[in-house]
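If you're matching them up, the sequences are chains A and B in order.
Just so we're aligned, residue 1 is where the first sequence starts under the UniProt record's numbering, counting upward by one.
Just so we're aligned, residue 1 is where the second sequence starts under the UniProt record's numbering, counting upward by one.
Source of the hints: derived by calculation from the structure; they are not laboratory data.
Positions of the beta carbon are idealized from the N, C-alpha and C atoms, including for glycine.
Some clues are possibly wrong.
[Said to hold, decoys possible] Straight-line distance between alpha carbons at most 30 Å, and here's what the computed BS3-like set of lysine-lysine pairs gives:
hint	chain 1	residue 1	chain 2	residue 2
1	B	Lys375	A	Lys377
2	B	Lys375	A	Lys358
3	A	Lys292	B	Lys375
4	A	Lys292	B	Lys292
[Stated by the list, open to error] Pulled a few chain A residues facing chain B out of the computed Cβ check, cut under 8 Å:
hint	residue
5	Pro35
6	Ser154
7	Pro229
8	Leu243
9	Ala403
10	Gly503
11	Gln520
12	Leu528
Number of protein chains: 2
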Amino acid sequence: MRRWNGWGDDSVEQKLSPEALFFLAEQIGEGKPVPDADLQQVCRRVPDSRLAPHDLISTDPAERIRHSLGQSLPDWLQLRYGRIERVPDGVAFPENAEQVRELLSYATRHQVIVIPYGGGTSVAGHLTVPAATQPVLSISIRRMRRMLHLERESQLATFEAGVFGPDLEAQLRAQGYTLGHFPQSFEYSTLGGWVVTRSSGQQSLRYGRIEQLFAGGRLETPAGSWYLPAFPASAAGPDLRELVLGSEGRLGLLTEATIRVSRLPECEEFHGVFFPDWDSAQVAVRSMVQEKFPLSMLRLSNPLETTTSLALAGHAGLIGWLEKYLRWRGCGQQKCLLLLGASGNRATVRQTVRRAMKLVREQGGVTVGQYMGKKWKQGRFQNVYLRNTLWQHGYAIDTVETACNWTAVKQMIQAVEQAATDALAEDDERIHAYTHLSHLYAQGASVYTTFVFRLSGDYATDLARWKKMKHAVSQTIVMHGGTISHQHGVGSDHAPYLQAEKGAAGMAALRQVFSTVDPQGLMNPGKLLTAPVSDGVIV
Amino acid sequence: MRRWNGWGDDSVEQKLSPEALFFLAEQIGEGKPVPDADLQQVCRRVPDSRLAPHDLISTDPAERIRHSLGQSLPDWLQLRYGRIERVPDGVAFPENAEQVRELLSYATRHQVIVIPYGGGTSVAGHLTVPAATQPVLSISIRRMRRMLHLERESQLATFEAGVFGPDLEAQLRAQGYTLGHFPQSFEYSTLGGWVVTRSSGQQSLRYGRIEQLFAGGRLETPAGSWYLPAFPASAAGPDLRELVLGSEGRLGLLTEATIRVSRLPECEEFHGVFFPDWDSAQVAVRSMVQEKFPLSMLRLSNPLETTTSLALAGHAGLIGWLEKYLRWRGCGQQKCLLLLGASGNRATVRQTVRRAMKLVREQGGVTVGQYMGKKWKQGRFQNVYLRNTLWQHGYAIDTVETACNWTAVKQMIQAVEQAATDALAEDDERIHAYTHLSHLYAQGASVYTTFVFRLSGDYATDLARWKKMKHAVSQTIVMHGGTISHQHGVGSDHAPYLQAEKGAAGMAALRQVFSTVDPQGLMNPGKLLTAPVSDGVIV
Numbered sequence: 001m002r003r004w005n006g007w008g009d010d011s012v013e014q015k016l017s018p019e020a021l022f023f024l025a026e027q028i029g030e031g032k033p034v035p036d037a038d039l040q041q042v043c044r045r046v047p048d049s050r051l052a053p054h055d056l057i058s059t060d061p062a063e064r065i066r067h068s069l070g071q072s073l074p075d076w077l078q079l080r081y082g083r084i085e086r087v088p089d090g091v092a093f094p095e096n097a098e099q100v101r102e103l104l105s106y107a108t109r110h111q112v113i114v115i116p117y118g119g120g121t122s123v124a125g126h127l128t129v130p131a132a133t134q135p136v137l138s139i140s141i142r143r144m145r146r147m148l149h150l151e152r153e154s155q156l157a158t159f160e161a162g163v164f165g166p167d168l169e170a171q172l173r174a175q176g177y178t179l180g181h182f183p184q185s186f187e188y189s190t191l192g193g194w195v196v197t198r199s200s201g202q203q204s205l206r207y208g209r210i211e212q213l214f215a216g217g218r219l220e221t222p223a224g225s226w227y228l229p230a231f232p233a234s235a236a237g238p239d240l241r242e243l244v245l246g247s248e249g250r251l252g253l254l255t256e257a258t259i260r261v262s263r264l265p266e267c268e269e270f271h272g273v274f275f276p277d278w279d280s281a282q283v284a285v286r287s288m289v290q291e292k293f294p295l296s297m298l299r300l301s302n303p304l305e306t307t308t309s310l311a312l313a314g315h316a317g318l319i320g321w322l323e324k325y326l327r328w329r330g331c332g333q334q335k336c337l338l339l340l341g342a343s344g345n346r347a348t349v350r351q352t353v354r355r356a357m358k359l360v361r362e363q364g365g366v367t368v369g370q371y372m373g374k375k376w377k378q379g380r381f382q383n384v385y386l387r388n389t390l391w392q393h394g395y396a397i398d399t400v401e402t403a404c405n406w407t408a409v410k411q412m413i414q415a416v417e418q419a420a421t422d423a424l425a426e427d428d429e430r431i432h433a434y435t436h437l438s439h440l441y442a443q444g445a446s447v448y449t450t451f452v453f454r455l456s457g458d459y460a461t462d463l464a465r466w467k468k469m470k471h472a473v474s475q476t477i478v479m480h481g482g483t484i485s486h487q488h489g490v491g492s493d494h495a496p497y498l499q500a501e502k503g504a505a506g507m508a509a510l511r512q513v514f515s516t517v518d519p520q521g522l523m524n525p526g527k528l529l530t531a532p533v534s535d536g537v538i539v
Numbered sequence: 001m002r003r004w005n006g007w008g009d010d011s012v013e014q015k016l017s018p019e020a021l022f023f024l025a026e027q028i029g030e031g032k033p034v035p036d037a038d039l040q041q042v043c044r045r046v047p048d049s050r051l052a053p054h055d056l057i058s059t060d061p062a063e064r065i066r067h068s069l070g071q072s073l074p075d076w077l078q079l080r081y082g083r084i085e086r087v088p089d090g091v092a093f094p095e096n097a098e099q100v101r102e103l104l105s106y107a108t109r110h111q112v113i114v115i116p117y118g119g120g121t122s123v124a125g126h127l128t129v130p131a132a133t134q135p136v137l138s139i140s141i142r143r144m145r146r147m148l149h150l151e152r153e154s155q156l157a158t159f160e161a162g163v164f165g166p167d168l169e170a171q172l173r174a175q176g177y178t179l180g181h182f183p184q185s186f187e188y189s190t191l192g193g194w195v196v197t198r199s200s201g202q203q204s205l206r207y208g209r210i211e212q213l214f215a216g217g218r219l220e221t222p223a224g225s226w227y228l229p230a231f232p233a234s235a236a237g238p239d240l241r242e243l244v245l246g247s248e249g250r251l252g253l254l255t256e257a258t259i260r261v262s263r264l265p266e267c268e269e270f271h272g273v274f275f276p277d278w279d280s281a282q283v284a285v286r287s288m289v290q291e292k293f294p295l296s297m298l299r300l301s302n303p304l305e306t307t308t309s310l311a312l313a314g315h316a317g318l319i320g321w322l323e324k325y326l327r328w329r330g331c332g333q334q335k336c337l338l339l340l341g342a343s344g345n346r347a348t349v350r351q352t353v354r355r356a357m358k359l360v361r362e363q364g365g366v367t368v369g370q371y372m373g374k375k376w377k378q379g380r381f382q383n384v385y386l387r388n389t390l391w392q393h394g395y396a397i398d399t400v401e402t403a404c405n406w407t408a409v410k411q412m413i414q415a416v417e418q419a420a421t422d423a424l425a426e427d428d429e430r431i432h433a434y435t436h437l438s439h440l441y442a443q444g445a446s447v448y449t450t451f452v453f454r455l456s457g458d459y460a461t462d463l464a465r466w467k468k469m470k471h472a473v474s475q476t477i478v479m480h481g482g483t484i485s486h487q488h489g490v491g492s493d494h495a496p497y498l499q500a501e502k503g504a505a506g507m508a509a510l511r512q513v514f515s516t517v518d519p520q521g522l523m524n525p526g527k528l529l530t531a532p533v534s535d536g537v538i539v
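Could you put the whole structure together from the sequences, leaning on the hints where they help?
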């Protein structure tokens, strides 16, 4: 069953070896486990619903709890400490667009705030219930998950937007197709969620970001339905899909999406490569993308992430031998791990890998075959369960990400890691911060940093620490020319930093667009654009 | 010198052989040359300027004439018959963003309508002077053409937006780079024009459409400056670049654009291929794009365009031999010409061409080497001069284009050609209509149809014929699920058909966005969104 206050299914456990825990203790001290909140107890504290009764709306306290938050660290703090600040007044599970329209019409009639809910995997506060005097309704689209149409000649599939990753891929795979969109949250996130938060998958180098995959769709807005036709390309004015992408619920609910699918590749490989240091690695991967190598993935870890991955992998003996071999080949303390994926027909994959390995060798890199790549592929959606395990051992884990131009990448990594370290140093706490580039472009890369630090055992202290760290890191990202999010979206957590990149005119334009279809401002207020609050009514 | 009422430079002439003229006469009858208007005479009819004097504004009648229209067929009818309906009251040539701001502030103070002018190559009525009681100012950006910055590591170049294609490529080429954006209008269109009309180049298969090349920039709007930073990718809400792309002057003037450049390819090839018929050709090219072959161009002509190209090419003897050979290889009357381009490093080009030719052979296609491809490349920006030559011989030429999914492509071609034929048949005139796919996507293709028909010798008759044809064809495009433009933009000519694809909500959203930065509606009114007119004041 889906875990109510942690990641994923509660029958899945991702163990950490004693060596891994020892490694962490060395880095930042021993963790202090915190007692976990109990769902029954938390439910008893849920206030009465303020919603006028409706057949499609459940006011069951457990449902309301389960839809109150996402997966960001502040969300976890509330869920794990049992300190849930606000819950929606009800949850609806519409089964079709007509029911969505009925719910939006109900919301409009009764001045109810609506929070669209996909898979609940947001790590940026997209689901935060605002402190408003109006009642709040969460609308979950998870029952809308059918494939409506597969159009082979044009490689287009139309799905209801509530379909989860594995379900979507299974339905396509049965017909010989794939979307190829694999974000870390894949198992519990929805197609609709991917679109409205501008999600990016691990193999976007081949398949594209969701922006390239989302061809059109249907929205239900408070002002009515909005259909976006799927053209291969168009010069007919501004591309309105690009307003839906990243709209984070402010326009309404996406009920249907037409996506560009590909035939399943004949062959797929993931290779492990080590470089002597960061600079040599960055030169190699930058060349690969700028020379347009048809790879499916490049994922480059910095030295500390490389060390951490090897330490947490278990198999200490095996890793010991590997490290000896790598040292002998010139990859020591500063070594960086690159995972390199290629998919497609066998001949192209072979030729592409050969070309890539030539660049690797030119930079002193060492290829270690496909074993690590296979392991990574097997565990690609399992690693996120480590959050649960770490929490049980008294550690919090958080991630931030950005994208910036190649000129800024190296400095960005250092500055982000340093900003977090400095922020916690004020409390005399250490932080274990490490980084990888997850998505590479000719122009630059996404920079994805993970922070592990100890829980204090006190909700308020941990929240304050997170806030301080988040603010320091976000400011650093803005200052170094990065976008406030490359793949997680804006939500409430990044909203204060959005104007720095959109400009006053851009922010005004977005407000205007949203108010066109949502004049009462009922759709997910406070997300994306910070909402001025007046007398408890969000405007 | 730039021709005032036709295409390009007046010293360039593209001749038509007697055989070519005979071919046309057979198809649609002999053309009746029409006397050409005289610039001096037209200038004498230019009314006095209604603008308050300003140092940056010229009210010279010849300049005003030269900035009154673009290159669409109705524009040509006005220019060639000397029946220019309206001219701007003045033209300004700002040299920097400060002067642009000064001009916009002047326009705001005096309620002056502003028409941004790039290279004047619009074929969709982007430059039409509205019938308003307010004075109209054309702002040409052609003096803003410097490269401001080349950032090699991130492959980004920043240019002033008024730079013309050849100047931009020359500045980049000197540094070993290319943008790779080659629309047919390349020689006379500007970077800024490409961006705001969503232009697409002939080698977009490799380099991308302008949407993928435009990374960010600076706009001057009546409400102030708007800077869009250049990130490699972002999930920070809707992508505002996508509002600037295709904004067609409604947001203000783009003064600066940062573009994604590539290193000059080591090698570039264009191969000629013939298929026995349309169906076999379509299967082959569709496979190539859906299997993500790293080609730079696929340009597939239908049988009539193939015949026409061969007939107009001259070299009747050579073509005769070629056709005999092709017939022997199974490519007869229904044969279709494909031009296939590949660019990059030599090994990849070789391998890609080899893979492509395998698919060609599987479909019964015949490769004829690189001769035709080379000829095409040499003449890629010269062919458009044929418009002048045809006009001199009494023929009008017009083009329409759309993009649709693969399922619709074949029917779209037939329907568009038929709609134009039927429209002129009412006047007992024949039309020579032929089509190619100019840009291919996994999802579908652009459909680009050329119409040649005889001039009547009477302005009003020719305009009425064009209107009837344009309306019939545009309706057909909409009815068959195509976008109203794949690469020419909306302007005034396509504006009536835009709502069919944007929806009422989309149209309202665009209006809101534009009014955010242009509350008085001074920026290029009537373009993109049709403007209601009230008492001669465009609102």
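Pair hint outcome, Lys375(B) versus Lys358(A) [Cα-Cα no greater than 30 Å]: violated, 36 Å
Quick one, is the Gly503(A) hint okay against chain B at 8 Å, beta carbons? holds, 5 Å
Tell me if Leu243(A) is really an interface residue toward chain B, meaning its C-beta lies closer than 8 Å to one of theirs. Holds, about 5 Å.
Within 30 Å, alpha carbon to alpha carbon, are Lys292(A) and Lys292(B)? Satisfied, since the Cα-Cα distance of roughly 12 Å is no more than 30 Å.
Between Lys375(B) and Lys377(A), does the CA-CA distance stay at or below 30 Å? The given pair, whose Cα atoms are some 49 Å apart, is violated under the 30 Å limit.
Hinted contact Ser154(A) with chain B - closest CB pair below 8 Å: holds, 4 Å
Is the hint on Gln520(A) kept, meaning its closest Cβ partner in chain B is under 8 Å away? violated, 16 Å
With 8 Å as the cut and Cβ atoms as the points, is Ala403(A) at the interface with chain B? Nearest chain B Cβ about 5 Å off; hint holds.
Residue hint Leu528(A), partner chain B, criterion CB-CB below 8 Å: holds, 5 Å
Hint check: 8 Å Cβ-Cβ cutoff, Pro229(A) to chain B: holds, 6 Å
Any CB of chain B closer than 8 Å to the CB of Pro35(A)? violated, 35 Å
Given pair status - Lys375(B), Lys292(A), alpha carbons within 30 Å: holds, 28 Å
The earlier numbered hints that this structure contradicts are 1, 2, 5, 11.
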